[in-house]
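K.L.:
Spelled out from the first residue to the last, the chains are:
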Amino acid sequence: MKQKIRIAAGQGFWGDLPDAPVRQVEGGPIDYLMLDYLAEVTMSIMQKQRSRDPSAGYAKDFVPLMKQILPACVERNIRVTANAGGVNVEGCAKAVREVARELGLAGKVRIGIVTGDDIMADIDGLLARGIELRNMDTDEPLSTVRDRIQSANVYLGAGPMVEALDRGAQIVITGRATDTGLTLAPLMHEFGWAPHDWNRLSAGTIAGHIIECGAQASGGNCQYEWRSVPNLADVGFPIVEAAPDGTFVITKHERTGGWVVIPSVKEQLVYEMGDPREYITPDCVADFTTVRLEYEGRDRVRVYGIKGRPATDSFKVSISYSAGYKAVGTLVYSWPDAYDKAQVADRILRARLDRLGLKFDQILTEFVGASATHGPLAGRPSTDLPEVQLRVGVRGEDRNAVERFTKDIAPLVLTGPPGVTGFAGGRPKVEEIVAYWPALIPKTEIVPRVEVIEA
Amino acid sequence: MHVQLTKLAHARSGDKGDTANIGLIALSDEIYPVLVREVTADRVKRHFKGICKGEVERFELPNLGALNFLLHESLGGGGTLSLMTDAQGKTFSTALLRMEIEITDQEAQSLEVG
Numbered sequence: 001m002k003q004k005i006r007i008a009a010g011q012g013f014w015g016d017l018p019d020a021p022v023r024q025v026e027g028g029p030i031d032y033l034m035l036d037y038l039a040e041v042t043m044s045i046m047q048k049q050r051s052r053d054p055s056a057g058y059a060k061d062f063v064p065l066m067k068q069i070l071p072a073c074v075e076r077n078i079r080v081t082a083n084a085g086g087v088n089v090e091g092c093a094k095a096v097r098e099v100a101r102e103l104g105l106a107g108k109v110r111i112g113i114v115t116g117d118d119i120m121a122d123i124d125g126l127l128a129r130g131i132e133l134r135n136m137d138t139d140e141p142l143s144t145v146r147d148r149i150q151s152a153n154v155y156l157g158a159g160p161m162v163e164a165l166d167r168g169a170q171i172v173i174t175g176r177a178t179d180t181g182l183t184l185a186p187l188m189h190e191f192g193w194a195p196h197d198w199n200r201l202s203a204g205t206i207a208g209h210i211i212e213c214g215a216q217a218s219g220g221n222c223q224y225e226w227r228s229v230p231n232l233a234d235v236g237f238p239i240v241e242a243a244p245d246g247t248f249v250i251t252k253h254e255r256t257g258g259w260v261v262i263p264s265v266k267e268q269l270v271y272e273m274g275d276p277r278e279y280i281t282p283d284c285v286a287d288f289t290t291v292r293l294e295y296e297g298r299d300r301v302r303v304y305g306i307k308g309r310p311a312t313d314s315f316k317v318s319i320s321y322s323a324g325y326k327a328v329g330t331l332v333y334s335w336p337d338a339y340d341k342a343q344v345a346d347r348i349l350r351a352r353l354d355r356l357g358l359k360f361d362q363i364l365t366e367f368v369g370a371s372a373t374h375g376p377l378a379g380r381p382s383t384d385l386p387e388v389q390l391r392v393g394v395r396g397e398d399r400n401a402v403e404r405f406t407k408d409i410a411p412l413v414l415t416g417p418p419g420v421t422g423f424a425g426g427r428p429k430v431e432e433i434v435a436y437w438p439a440l441i442p443k444t445e446i447v448p449r450v451e452v453i454e455a
Numbered sequence: 001m002h003v004q005l006t007k008l009a010h011a012r013s014g015d016k017g018d019t020a021n022i023g024l025i026a027l028s029d030e031i032y033p034v035l036v037r038e039v040t041a042d043r044v045k046r047h048f049k050g051i052c053k054g055e056v057e058r059f060e061l062p063n064l065g066a067l068n069f070l071l072h073e074s075l076g077g078g079g080t081l082s083l084m085t086d087a088q089g090k091t092f093s094t095a096l097l098r099m100e101i102e103i104t105d106q107e108a109q110s111l112e113v114g
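If you read the sequences in order, they're chains A and B. The opening residue of the first sequence carries number 1 in our numbering; numbering runs sequentially from there. The opening residue of the second sequence carries number 1 in our numbering; numbering runs sequentially from there.
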């Protein structure tokens, strides 16, 4: 058994720095590259893409990335875990297999395919059996939006990925798997951690949490002494250097920018946290109040002491459903009296929408430059502001009403207060809203599947 | 004396649906108990008046010198439903750092603020 495993984060979200994974592979020694592609509503976007083109429905960028790094990964035995498969894991795996063959790596690469997360086809059966899939936030039963569901996927944990690695997969591609599982699975595979070794599983989970947002742990978006963070233009993404006992060090490649300091790690630890004693994943319940941090050198923070508890008997389900339409329009008002002018323009716009009799579920006005982020906490805006952006959004079930709203923004330039600009982008775009419905499902209802194919 | 939290702590915030979370991290071990005493859930609820429409919950992480706050009903519906510029609650962290708390002169001296 190896005494040290290095897992590098390559993407904090779908659309993160395109070169980051390449730099993690080229910039120094690593054993694993983990790539998190799926945000909460990504699955529904992929579902839409697949309904137009049956070969689509996964993170397309992943395939050219593999083309670029696969030869180096094979040569140095770097393995990849990625939830790039979206709603078409097989399609993604086949595309990667094609790339491997083109590179002359036929017979040299095994690809693990993890499925079983997609429960879209089973929804009616589940509801009929009394599994209500109530919204975890609002407690409403799923039946209230049944006819508007676009995708439904269970968050799978590390287990099936471990199986794929055990069977020799060099690249493991999943659909909706947890981002923490992408880091935990390599550790369970390499160190032989048992599926009920709750403390170590929690340690691997927290390691995953620290690196899953990429550079947010290594100097990006770091509020602590932000002016002092070195060379963010060349920021190094975080790396977990883990030991079999469940302790690990957060670090990054030498000669990269950013920093790994205790405050940057703390900021990421508390990111998107609920009850810190109960960070629930499919694999375990991790306790963030047990985490200990200490310096082990420059850009090296040692993490130890982590405890956890048994996993729950449910999986979380990520369901997406159509929830109407929205549009956001903006105009910029300049000095003098920028804020007053923007306020008057807002009142004129609302009077016109009223006169048209348009109904919306919500109209929201913000004054960017005055109060959009901190609201009343920002205090009364100065009368001397150089400019204010008026930003008005509407949301509703009626597409026509939202469409009509978009035609009333630009006319304010000739029919409202003076000193206005910023309309060059044309009419605002009407967007279909795909909303997120989190629910729980008994684990006994789900059968994860693992397949390993040869390139 | 009054002191603004930005002199005592750093923070990061994020979202879960319509709930914003703010992790408030003391700049030193000595500051943490002052945060525990002064930055209560009630105080945070009042600070975010007009922004947070639901409850505020607070959790303590003495191991990190940090407090975690959940501000329910704060993100205009949350996720893709929200029309807000900051639908993900990313700037709630700095909004909390605007808060002024009361510390004793002795504390001000030993914490080297003021």
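Just so you know, the hints here were simulated from the structure itself, not pulled from any lab data. Since the structure is predicted, the reported quantities are computational estimates derived from the model, not experimental observations. Every residue gets a Cβ at the ideal spot worked out from N, C-alpha and C, and that includes glycine. Just to be clear, a hint being listed does not mean it is correct.
As the list claims (entries may be wrong) - Stretch-level coverage of chain A by chain B, calculated; a stretch enters the list once three of its residues show a Cβ under 8 Å from a Cβ in chain B:
# : segment
1 : 120-130
2 : 272-285
3 : 405-418
Claimed, not checked - A short list of chain B residues far from chain A (calculated; beta carbon distances all over 10 Å):
#  : residue
4  : M1
5  : E30
6  : V36
7  : D42
8  : K49
9  : L70
10 : D105
K.L.:
Now tell me if each hint is right for this structure.
P.N.:
How the hints compare with the structure:
no.: 1; hint: 120-130; result: violated (count 0)
no.: 2; hint: 272-285; result: holds (count 6)
no.: 3; hint: 405-418; result: violated (count 0)
no.: 4; hint: M1; result: holds (21 Å)
no.: 5; hint: E30; result: holds (16 Å)
no.: 6; hint: V36; result: holds (14 Å)
no.: 7; hint: D42; result: holds (17 Å)
no.: 8; hint: K49; result: violated (7 Å)
no.: 9; hint: L70; result: violated (7 Å)
no.: 10; hint: D105; result: holds (27 Å)
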